[in-house]
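K.L.:
Chains A, B, C and D, in that order, give the protein sequences. My numbering puts the first residue of the first sequence at 1, with every later residue one more than the last. My numbering puts the first residue of the second sequence at 484, with every later residue one more than the last. My numbering puts the first residue of the third sequence at 704, with every later residue one more than the last. My numbering puts the first residue of the fourth sequence at 1020, with every later residue one more than the last.
These aren't lab readings, by the way, just hints derived from the structure by calculation. A couple of the hints might just be wrong.
What the hints assert, rightly or not - Looking from chain C toward chain D, a few residues come up when the C-beta cut is under 8 Å (computed):
1) E795
2) R834
3) S840
Computed from a predicted structure; not experimentally measured. Beta carbons: idealized from backbone N, C-alpha and C, even for Gly.
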Amino acid sequence: MSGFSLDAVAAILFIPAGAAAILAAMPNYRMTAVVNVIASLLTLLAALSLFVTDRPAPGQYLLVDDLNIVFIVLNTFVGFTTSVFSASYIAHELETGRLTAPNLRFYHAMYQIMMFGMNLAFVSNNIGLMWVAVELATLTTVLMVGIYRTHEALEAAWKYFILGSVGIALALFGTILVYMAAQPVVGEGTNAMVWSVLIEKAAHFDPALLSVAFIFLLLGYGTKVGLAPLHAWLPDAHAEGPTPISAVLSGLLLNVALYAVLRFKLLLAASPQAIGPGPLMVTMGLTSLIFAAFMLYRRRDIKRLFAYSSIEHMGIIVFAFGMGGPLANFAGLLHMVMHSLTKSAIFFAVGHIAQVKGTQKISEIRGLTESHPGLGWALVIGVVAIAGLPPLGIFMSEFLVVSSTFARHPWLAIPLVFGLLIAFGALLLRLTGVAFGEPRGGTAPVEASYVPMYSHLALVFAAGIYLPAPLVAWFQHVAGILG
Amino acid sequence: MNGLTFDIAHLLAGSLVLISFMMLYQDRLFALINVFALHAVVLALSVAWQAYIQDAHHLYITAAIALVFKAIVIPVGLHRIIQRLGIHRDIETAVGIGLTMLAGIGLVTLSMVLMLRVTPEADPLAREDLAFALSIILLGLLVMVTRRNAVSQVVGFMSLENGLVLAATGAKGMPLVVEISVAFSILIAFIVIGVFLFRIRERFDSVDIGALDDYRGERR
Amino acid sequence: MIAQLAVQGAQMLSVLLLAPLLIGFVRKVKARLVRRQGPSLIQPYRDLVRLMRKEVVLADNASWLFRVTPYLIFAATWVAAALVPTFATGLEFSWTADLIVIVALLGSARFFQALAGMDVGTSFGGLGASREVMIASLAEPAMLLIVFSLALLAGATQLSTVAAFMGSPQVGLRVSLGMSLIAMVMVAIAENARIPVDNPATHLELTMVHEAMILEYSGRHLAMIELATFLKLLLYMSLISCVFLPWGLDSGGTGPKSLAIGAAAYLCKLTVLAILLAVFETAVAKMRVFRVPDFLGAALMLALLGTLLLFVSRSL
Amino acid sequence: MNSTVPLLLCGPAAFLATAIMAAAASRLAAATRLVYGATLVISAVLLATAAGHLAGNPGEASATLPLGLPWTGARFRLDGLSAFFLVVVNLGGTITSLYGLGYGRHESQPHRVLPFYPAFLAGMNLVVLANDAFSFLLSWEFMSLASWALVMAHHRDEANRRAGYIYLVMASFGTMALLLAFGLLAGPAGTYAFDAMRTAHPGPFAAGAVLVLMLLGAGSKAGLVPLHAWLPLAHPAAPSHVSALMSGIMTKVALYGFVRVVFDLLGEPAWWSGVAVLLIGGVTAVLGILHALMEKDLKRLLAYSTIENIGVIFASLGLALAFKANGMPSAAALAFTAALFHVLNHSFFKSLLFFGAGAVLTATGERDMEKLGGLIHRLPVTSFVFLIGCVSISALPPFNGFASEWLVFQAILRSPELPQWGLKVMVPAVGGMLALSAALAAACFVKAFGITFLGRARSVAVERAHEVDRWSLAAMAVLAAFCLLAGILPGFVIDSLSTVTLPLVGERMPVQMAQPWLSIVPIAESRSSYNGLLVFVFITISASLAAFFIHRFASHALRRGIAWGCGFTDAVPAAQYTAVSFAQPIRRVFGGFAFRSRETVKMPAPGALEPARLKVEMHDVAWEVFYQPITGAIGFATERLNQLQFLTIRRYLTLVFLYLIILLLVLALWP
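Chain A on its own, in the form it takes in the complex:
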């Protein structure tokens, strides 16, 4: 009955959990960093093994299907690379004394708990369990955002926490409503919360209840996705937390929430009389895109800048999924993966840059390609990628989204293109300032960990010109599932 046979899924869950326990107990912070990396690596391997091992039958609590494997593998991979990056980043933080050894114990333990929460959210087959997992992940990140204990950090964490917990409440109410809708059909008890059961019977649910439920879920999880106007926590949380956390927030946590939204979108799509989720998502997506695009112009803090660009891209992704159809869904999935990789790579670079320059103020960073070519060009490539220029992966997804949208609903494509151009202008403007010109700020050489960022960028580049056939088949299959 319970899906807890000792298999890959269990490994994905238990490795982080166990690691968290160990890390919480370990005094030596150098060791903790190493353990952190190792644990993340093991999780990644376990996740990869999901492809080969036969999947457990969907239980009441756990489920592995084509949809979430994509998310899990992406999640664990970025989790791993981020842990590598964070090892070098944290070392520097210790030297500068911004963090202390106890902080680090806490930090690493939290890191693993967060990974646990996110993996759990992905594999859970029970909407209640999924909710719990998402909230667990959120709360851990809240604590980590506040870790520097500066005014700004505390304010950011506080904001994040208040808005987050409102989101929690709304999402929970939505979940309850879904249960209420399912209960008459499926019958009382846990079954009425089991995803795989719900999706089968969704057609017979009460449409009115489902509609209300979806609105609450969209707002609740949408808060985590960072869709405007629910985004307020996101920029500050990115800007004030430690950079690895910013990377994880943008690269992973947003995806977790997005995944939840997608699941419920499927549920709603299965019930014809309920309101169509598409228009809602398209509206929210466009709003976020255009809003974030304009907000990019006045940013002075480099991390906040890229946080807003995350909002922008989440907008695009939600828009794509809202459009639906094989092309748009394919594009949405691709865009999500590419964005996770690129954005985390950018944050890796930005983290080191902020460390060498000793500031996050854009106006105080100049001529990076000359003073720190490694970091500077990484940033250039990253921004070029995130701006959707070829030959990098995001170009392909934007190509598909825009062209397919214009062919179907021209009046939707115009604001989309408009937002993309506005955002492009802003990003390029900042990039020109930061990467070129007379070098300014600290020019000390940095012992950066180039491997994570450049491996991400290499992947993005490869995806831009060549997608291996099995991956494409997989994505197309998943796109088919998403309808």
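Starting from the structure of chain A, add chains B, C and D where the hints point.
P.N.:
Same frame as chain A, now just chains B, C and D:
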């Protein structure tokens, strides 16, 4: 089911909504907290009643949690904090009381309209409960939105959680995991909020978020 | 074939020899109009020969371009003049270039003249050059528009064909043709630096355009340029005559008799035009340099109007 | 024959390999020679292959790689059009690399040029070869990206950074327009292969939309007014040989995109499409050259004149469209051939002129004409070839510029046969515009050559100048030779273009090489004919005859003396006419409407000692009308929205709350 049980449940839920309105009306911290305690008590009663009529015994636990934590521990704790921070002064409500009340009435009607669209086949108790729960949640949000003071916002948040509990208990046979998680989230919420209040106390002299506003990230 | 070549050669030589005479004639008439005796008709030839004999005084920093230019100008103008039917159409080489090419050849002559004007680096040269190109920038499009309206009418830019068409009865009287004629006359005046656009006789630097450009030239170089200028006037006169007064033109290969007629007719046309020019020049005064654009703009408008009116008055 | 495309694809691959190698080894001393040598060889091979295909005319060849868009694959195809533009691109590439061998040595930061130069070439080649929307756009944007990197090569200069910024923003604007166009052509099913688009003909409305989008997309890259704003900034900012590539070649690639879609994929055009293209072309030509006339920066002047030539080409493309739409294939073939011929010619003389500007830059370190002058004594060879370039671009016989413009005029003269009155009347008017722009071009390049190379030196930098290296001179000499050859043997070019015109407009121009004396006859000898060769011969003969007679019979005496200064001797070089003063008469004529220019003279009172001052103010109308409002609007919007960054948590909560209420209301009102 006989009408009486239904009426009692209905009565309790309705009184919860009423108490939410009282919260809206309060503009003093202590009074607000007391009203909230009352809110929690009534919630506990209604949960218990639900446990009785559904004879789902695990719901008694929820009722107990509600009674102990929300009706006693938290109010007391909040009293402490308020004294420690020395903010007995009035809550400067952002919006006028009258307007708030009007908005509240509007919210209640909205939630009624929404829930009454639900097909009557779903058992009426659940339906009414949901209607009330939704209005309580919205009112809780309204409290959070219309208060400037962090403590009162926390109170509003918790009344919102009460609405959730009401909804959850109204749902027949909803697995325990959810109530636990509700209680859990409230617990975590409270702890973390407490931690934050403490920290913020360290840094600033008041919990008034207005004080925080001076530290907005981009303003320099 | 040989006969054709002979005619062609005769044409080339004749324009070369006639050009100074034409100038002399115009001067003579002008002098007479103001009751002066005036120089003799062959004075221009004497001037040329005298210039040939004189030594060349070259500015210190004059470059090779400065010394090559006179020959280029002369050659371009001469070739252009040789391509315009004077007394006979359908000459051997008439198909090597059409009206557009002729205009362009004159353009290249002007191009190099302006460059030469700037070569020495005195302010006069630059002044002349800049004014010259300003005038040209209006005169050339006007000329091309005239070519358009003729070509649209005759369905060809080939001068022989145009002349034949204009000679044929099917032309009739047309508004647009009149406009083209007026425009072409105005362009011709501007191109040849005649009053009122420019005064060939002046040497007051601030008012001159053409003379300012060649201010630095002397001796044989100046002779070449002068000859080219004479040729240009002849060219425009024969152009006007062969397009708008296409009577008596020999249509090629029809024996010496018709050739003789053509030649006679040609001489008459030249005389008439020369007298008209002289009268006009004595009648009007030179205008300020910055009035010239208005003058040429009028020509441009007329030409454009003529082109557009073609479609309206096609039925006429 | 299918082996051609893979062979051609090896070229870009080799370019990219070179780029990677350059990125790795760019700090080495020998890197410059290696990279440019490699690109020289590669593009020469590509050139030979493409030329062979164009001459041999073996039809089409195509290949598909398992890259790019998964279910479409990266498709490549070689037909007449691609072959012709491959010739243009790689001819430019070859000669530019030759020039780079010398010029590159003066590069201060080779590691910012060498890696991107081959990438740029690769991008341009791929665009021309691509046969599906995705690979096309990918290569297109890659080309822009590489050229952007080259513009940013000297990034310490604020102006260059600004140029690069505007350039890339405009480029991606264009790409978005193209993207939308392809979206329309591909349809909801997403058939991105060109072959599929060719068969599926869009409705009239969609076709019109595609045309407009192509004008925006390709036009912004080619520099159509008013989308040209980036061009005069970006082209001069790059190192000169790259400027030559951008101005001479990349704009042509943009034209290729336009032709490929509008003439090939879009099917039968509507007659009004010709109107739009014609009009824009004419306006672009006139405004472009007027801007060029007002410039005193040599490279900017050249960039603006590029805009003019693009205008000419677009005008004749519009003519071809109009003819094609009205079922006049022979006339369409004439106009189309004229356009392509001008494409080739412009790539010749514009590269030549930019090389010359680069030579001047290396010799003197100056781009500002007001500081140059008298270079004809210092750089004899450069000045000579530059003169040839100027003559060619001014459309003077017997050089190539004239040949193509002559063809354009011939095409215009076919307009009476058009049925639509609008076109009947408009075509000659546009012809007038083109004539005007040609005359202004002559004026402009009299100024360019006269101020830069003639007269007396205006700065010490000029007195220290020396002739540039042999590589550069060789490159320029080759181009000058091409200018002359294409001018005196136009028939050869026209005939080799038949491969291109036949499939696209369904007709070709009559065979020219068969004509007696190698003259060209577009329609019939009785109508019009031109023989560049004979004109050239005549001019040479008569010039040398004259020279011979003079030296045989006239005096040889020659004396050097000081120039006549009207009695005022040894005037300082500053007394010469400057670029600005040279343009002043024309500014007074056209400046009023083109630049809203105003001149104010401050004349001191009689007897006062201070100098009189002339103040000229000019406006870039396009910039003020189209760009400033946009930037202003964005600024306003950001200012307003930026407030949302500074709200209190309560306000944010209010936002969430209101959003929730709105959604619930929507739901409540949901039917």
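K.L.:
Now tell me if each hint is right for this structure.
P.N.:
Hints, verified against the model:
{"no.": "1", "hint": "E795", "result": "violated, 11 Å"}
{"no.": "2", "hint": "R834", "result": "holds, 6 Å"}
{"no.": "3", "hint": "S840", "result": "holds, 4 Å"}
In summary, the structure is inconsistent with hint 1 from the numbered list given earlier, while agreeing with all the others.
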